[in-house]
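Use the sequences and the hints to build the structure in full.
Going by this note's numbering, the sequence shown opens with residue 62, and the numbers climb by one from there.
FYI, nobody ran anything at the bench for these hints, they're computed from the structure. Nothing here was measured: the structure is a model prediction, and the numbers come from that model. Just so you know, nobody snuck in bad clues.
Pairwise CB distance ranges, derived in the manner of DEER restraints:
#1 LEU67 / ALA195: 28 to 36 Å
#2 ARG191 / ALA171: 36 to 44 Å
#3 THR317 / PRO192: 20 to 28 Å
#4 GLY206 / ALA118: 27 to 35 Å
#5 GLU253 / LEU70: 19 to 27 Å
#6 ALA171 / LEU270: 34 to 42 Å
#7 ALA66 / LEU260: 26 to 34 Å
#8 GLY165 / HIS221: 26 to 34 Å
#9 PRO223 / LEU260: 40 to 48 Å
#10 ILE321 / ALA214: 33 to 41 Å
#11 TYR266 / ALA196: 13 to 21 Å
#12 LEU122 / GLY255: 21 to 29 Å
#13 HIS221 / ILE200: 31 to 39 Å
#14 LEU322 / GLU253: 34 to 42 Å
In this text, a Cβ means the ideal position worked out from N, Cα and C, and glycines have one as well.
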Amino acid sequence: MAAVALSALLAVLTAAANATATVLQRVAALTVPPGQTFSLRGVRRLLRSPAWSASIAVIVLAAGGQATALALGSLTLVQPILVAELPLTLIIARVFIGTPMPRGGWRACALTAVGLALALTAAAPAEGDRPVTAATWTITLIGTGAAIALCTAGALRRRHGPTRAALFATASAISYALTAALMKESTHRFGEAGAPGLLTAWQTYGCVLAGAAALFLLANAMGSGPLIAAQPALTLGEAGFSLLLGAVLFGDRVRTGWWILPEAAGTALTAVGVLFLARLSDEHP
62 MAAVALSALL AVLTAAANAT ATVLQRVAAL TVPPGQTFSL RGVRRLLRSP
112 AWSASIAVIV LAAGGQATAL ALGSLTLVQP ILVAELPLTL IIARVFIGTP
162 MPRGGWRACA LTAVGLALAL TAAAPAEGDR PVTAATWTIT LIGTGAAIAL
212 CTAGALRRRH GPTRAALFAT ASAISYALTA ALMKESTHRF GEAGAPGLLT
262 AWQTYGCVLA GAAALFLLAN AMGSGPLIAA QPALTLGEAG FSLLLGAVLF
312 GDRVRTGWWI LPEAAGTALT AVGVLFLARL SDEHP
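In structure tokens:
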């Protein structure tokens, strides 16, 4: 029980770190002209941005917190908590800019927090202990890779705007969910065999590649359209795909039966809060 509580706390701290990185990435992405998104020239602009460099440093710290949280708790517990990143992003952005919270901001933050708490309390995620076979990993990688490729291809067929941003964000969300699944397996190998187990596991390197892809896709999502289109797809998509991967790969479980009703209510409240928060972030950049 103590391990689960610590895992949840670390997930909240990870969400705060990710929120800080998101604010920094948003600042950096605004320096890239729309016509240079998804290009090497756009990447070079980002790499020269101090805000982008700072965001990478924060992300590295967040990754350490997330890895520890995943080592102590289930994928279905840790990843949904990261939805708190969005209200924290708005709050941190307000602090950086030095202006008051926009009207409705605190209510939207409270709605998201209450919805998330209700959904997680009702679901009571339990970590599975099913070993992941090579066949399961192969199917998962093919499926997620195809989904990412389809979303990316769809985004590239559209010009700058909400649809392009949402598709890039969805591709990034899938990549982040896969990164978390690979990270959990890597921390498991580390717990079993220490550093040699970590360094010899292909999941460790797969985690790095998937995380890099997620960052690249996120940068393009932020630079392709309004936050109201990108952030909900990213935030809710990552939580949803993580729940799916947790069940498929590790056998994670949530309560069913009548518990589905408060779970659905909490999910709906969270989704509404996320949409409001994203809209507020766009109206008050």
